[in-house]
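The task is simple: from the sequences and hints, build the whole structure.
Number of protein chains: 2
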Amino acid sequence: MSKYQQLAQDLKNRITQGVWQAGDKLPSLRQTVADSGLSLMTVLNAYQLLESQGVILAQAKSGYIVAPQPEAFRYPETQRQIYFSDKVDINEFVFNVLQASKQAGIVPFGSAFPDPSLFPQQALARSLVKVTRQMSPSFAADNLPPGNTGLRKAISQRYAKLGMSVAPDEILITSGAMEALNLSLAALAQAGDWVVIESPTFYGAMQAIERLKLRAIAVATDPREGIDLKALAEVLKTYPVKACWLMSLHQNPLGCSLSEQKKQAIYQLLCEHNVSLIEDDVYQELYVGSSAPRPIKALDTQGCVLHCGSFSKSLIAGYRVGWVAAGRHAPQLQRLQLMSTLSTSAPMQLAIADFIQSPQYERHLKRLRHTLAERKFAMYQLLRAHLPESVSVNFEPGGYFLWLALPAHMDATQIYHSALERGISIAPGNLFSNQAEFRHFMRINASYDCSPEIVRAVKALAQLLYHHPN
Amino acid sequence: MSKYQQLAQDLKNRITQGVWQAGDKLPSLRQTVADSGLSLMTVLNAYQLLESQGVILAQAKSGYIVAPQPEAFRYPETQRQIYFSDKVDINEFVFNVLQASKQAGIVPFGSAFPDPSLFPQQALARSLVKVTRQMSPSFAADNLPPGNTGLRKAISQRYAKLGMSVAPDEILITSGAMEALNLSLAALAQAGDWVVIESPTFYGAMQAIERLKLRAIAVATDPREGIDLKALAEVLKTYPVKACWLMSLHQNPLGCSLSEQKKQAIYQLLCEHNVSLIEDDVYQELYVGSSAPRPIKALDTQGCVLHCGSFSKSLIAGYRVGWVAAGRHAPQLQRLQLMSTLSTSAPMQLAIADFIQSPQYERHLKRLRHTLAERKFAMYQLLRAHLPESVSVNFEPGGYFLWLALPAHMDATQIYHSALERGISIAPGNLFSNQAEFRHFMRINASYDCSPEIVRAVKALAQLLYHHPN
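In the order they appear, the protein sequences are chains A and B.
Residue 395 in UniProt numbering sits at position 395 of the first sequence; the count goes up by one each step and never skips.
Residue 94 in UniProt numbering sits at position 94 of the second sequence; the count goes up by one each step and never skips.
Hints may contain errors.
If several chains are the same, the list does not tell them apart, and a pair holds so long as it fits within one copy or across any two.
[To be verified] Below, in silico cross-link-like pairs of lysine-lysine (DSBU-like), each with a Cα-Cα straight-line distance of 35 angstroms or less:
#	residue 1	residue 2
1	Lys102	Lys161
2	Lys130	Lys153
3	Lys3	Lys61
4	Lys87	Lys242
5	Lys153	Lys262
6	Lys130	Lys102
7	Lys87	Lys237
8	Lys366	Lys25
9	Lys242	Lys213
10	Lys130	Lys366
11	Lys61	Lys12
12	Lys87	Lys213
13	Lys262	Lys3
14	Lys237	Lys213
Bear in mind the hints are in silico, worked out from the structure with no lab data behind them.
Since this is a predicted model, take the numbers as computed values, not measurements.
This is the structure we're talking about:
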């Protein structure tokens, strides 16, 4: 164990012992250098290690504080390890929830997008103005599938920063990640085929499965550890699975990220059974700590991981630009796109290509990560301060979702309706399951500043929970 | 018969007699007033009637000229009235043709888009700049399906100008007409279902059918009269058809438009058999004459016509904004869009909404219609001057396509490859058929100015035809 790892372990032990508790400020770097006699670099490395493990949180201007300790988290009592669905039927429910959350002035705890005020809307508008003025008359043809060359190169270079080799030719620009994920699934599976998803999972996965009339195998996914490996192995051994769709980083709705070991194990399992992976990685840029985590795609030597990304969660929503690095499936995806939407809007591709190649992008991402980390913790504290103790809040570092377990008798869909009447949206747990599981769970968007309005909304939500009939 | 109809008939008779021949200038309006003793309004009405019938063409600054007379047009000798396809397999060929035509500097006779220099790119850029600066932070959510309210209203108002009642709520904004058509088809038919298409037809219809694993019934479509009504009636009587997909105006690739009678007959037939119509109407704005033709949708009292439009052919390509007025199928289409691409890029929707509500739009359309009409006729003359006489050119008023019949022994795909080597793209006839029919036909894009480069290309094409092996 190196010096910085030793120091990190010491600090962690003291946190476990309660020397510092959730929200407490840790000694400053300078103070720790003085106390320990270690170099500044060693101390910094130790703090960053703890930050990336989610043990401590960096705060603007005030150093590091202790992150929330894992709470005793209630799993659904009835949850099965594996669920088979011949028919997925979720879209109508999703549609109604999304329509409801479009109301002007609603408190958007149910939103899937970060607070739009965190996006550099004006700077991107400048990029858009610039590229629009410079567009050649042939811009429409130049940006047909696989998409704008400059943008694909820029994305490829961002993979290179992670130590990954992804050629621009492997990348297809899409109308947001939704199109990327849908094209990926359409390339891998035909009506009636089995596809593995997580449980709970992003509702978009189930909508795509419903649209293509596939059959789903939902594998239990732990709110901290991710998908159940044993169950996944069992399924792959037994069923002719055509694709596996999961999130390795900041899983939606749970918020958790997979360990390196687990990513390797999943990749190996899928390779053994010759099953391609659709890796939904739309929150990839929203990590905490100083080093970016790598997706499962980083392990892919076979071209069997279709890595789907988007700018809608990290840069700007509404431009509808995403991509898929589709490995050996890339040619097929290009053809499928040509058949369905033809191509992604050219000015949007050009504007994003311009922006992400400027130094502004990295500055924006740093600021965004920092703000989201602070807000997520602040929201966690706010929920803890007001919600009944019987509610567990799963706090995982990164992203901007908090996953709440209510007491088993509570019905989150009912709370969703009552909250809506009070101008507050939440995402009820069964939105993330085809079996109406997770009825007493909910996902909360923690990307908003704890303004008086947000505090009032949390208090109102708390009242609904306190007065929920037994 | 009113006075102007009588005058129109007289003029037409003289043209048939050869008093004036194709390309000849007609007497000016003023001259005809003097000669006939009729009022200027009567003469103008007569000329406009002849123009809308495609008998004469308006020319900038030089009054009216006689349009090309219908040529003896060769139909494929082997063409059947009805073709059944259990499996449609065209996408690979379409993909290769489109990829080839992306080469820089190629002469784009094969292109499906009008000359991009005819688009008001800079004026639209100004709209884009304006709306981008004014976008509220919630713009992404505001423009989710069914799409931007202002844009849907503006489209609804354009329908009103045609005397049609199409409520904004019936309209869904899509990523170009391709998405509109695909969503329409997905709403109406399931894998294995029968769908009626024209023969020849826009290849996008076949790609959509291939993607959804539907079965196609291709009904013979006359290059002047459109789809064969008897064959259509026969098919509808015999097969459980789920949808009919056709173009009533400026059909791609033939260029022809349906008469009012025929539109009514088709609508009635489809109603009788309770079959919904997907009306691909992307060239709707590119008519000749002073009054806009109305689509079959104008007859629809049952909400069973899904009318698909686009700005990519009449305003700007590459923005990827289209729409569908989906009648009673509108709610289902909204849900299908949410499942597949989520929504259309918001800045693009806002920019187009801004532009089409300004007086610039109507001015642009007038200029565009005029230029296209002139260029189409000029290209017709150029082709006639250089191509072998054994080649027939189908000249139909409106749009910008010419459909050419080569002698039966010629192979347009072979000519396509030879032309490509010489830097010229064409659209070979079998691109428009799932049965590799129309092998000795080709579609020529006539939207380009007859520059020296274009003249050279036509001469080169003529050489290929002269030297085609017998």
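Hint by hint, here is what the structure shows:
For the homomeric pair Lys102 and Lys161, the shortest alpha-carbon distance between copies (31 angstroms) is at most 35 angstroms, but the shortest distance inside one copy (37 angstroms) is not. Taking identical chains as interchangeable, the C-alpha atoms of Lys130 and Lys153 lie at most 35 angstroms apart whether they share a chain (19 angstroms) or sit on different chains (29 angstroms). Taking CA atoms no more than 35 angstroms apart as the test, Lys3 paired with Lys61 passes inside one copy only; the shortest distance there is 26 angstroms, against 87 angstroms between copies. Taking the closest pair of Cα atoms, Lys87 and Lys242 come within 35 angstroms of each other both inside a single copy (16 angstroms) and across two copies (23 angstroms).
With identical chains, the CA atoms of Lys153 and Lys262 are at most 35 angstroms apart within one copy only, with a shortest distance of 30 angstroms there and 52 angstroms across copies. Within a single copy, Lys130 and Lys102 get their C-alpha atoms as close as 31 angstroms, and across copies as close as 24 angstroms, so both meet the 35 angstroms cut-off. When the C-alpha separation of Lys87 and Lys237 is checked against a cutoff of 35 angstroms, the pair qualifies both within a copy, at 22 angstroms, and between copies, at 33 angstroms. With identical chains, the CA atoms of Lys366 and Lys25 are at most 35 angstroms apart within one copy only, with a shortest distance of 22 angstroms there and 69 angstroms across copies.
Taking identical chains as interchangeable, the C-alpha atoms of Lys242 and Lys213 lie at most 35 angstroms apart whether they share a chain (13 angstroms) or sit on different chains (18 angstroms). In this homomeric assembly, Lys130 and Lys366 come within 35 angstroms of each other (Cα to Cα) both inside a single copy, at 24 angstroms, and across copies, at 29 angstroms. In the homo-oligomer, the alpha carbons of Lys61 and Lys12 lie at most 35 angstroms apart inside one protomer (22 angstroms), although the nearest pairing across protomers, at 85 angstroms, exceeds that limit. In this assembly of identical chains, the alpha carbons of Lys87 and Lys213 lie at most 35 angstroms apart whether taken from the same copy (7 angstroms) or from different copies (19 angstroms).
Taking identical chains as interchangeable, the C-alpha atoms of Lys262 and Lys3 lie at most 35 angstroms apart only when both belong to the same chain, with a minimum of 26 angstroms there against 85 angstroms between chains. Taking identical chains as interchangeable, the C-alpha atoms of Lys237 and Lys213 lie at most 35 angstroms apart whether they share a chain (23 angstroms) or sit on different chains (30 angstroms).
Checked against the numbered hints above, the structure violates none of them.
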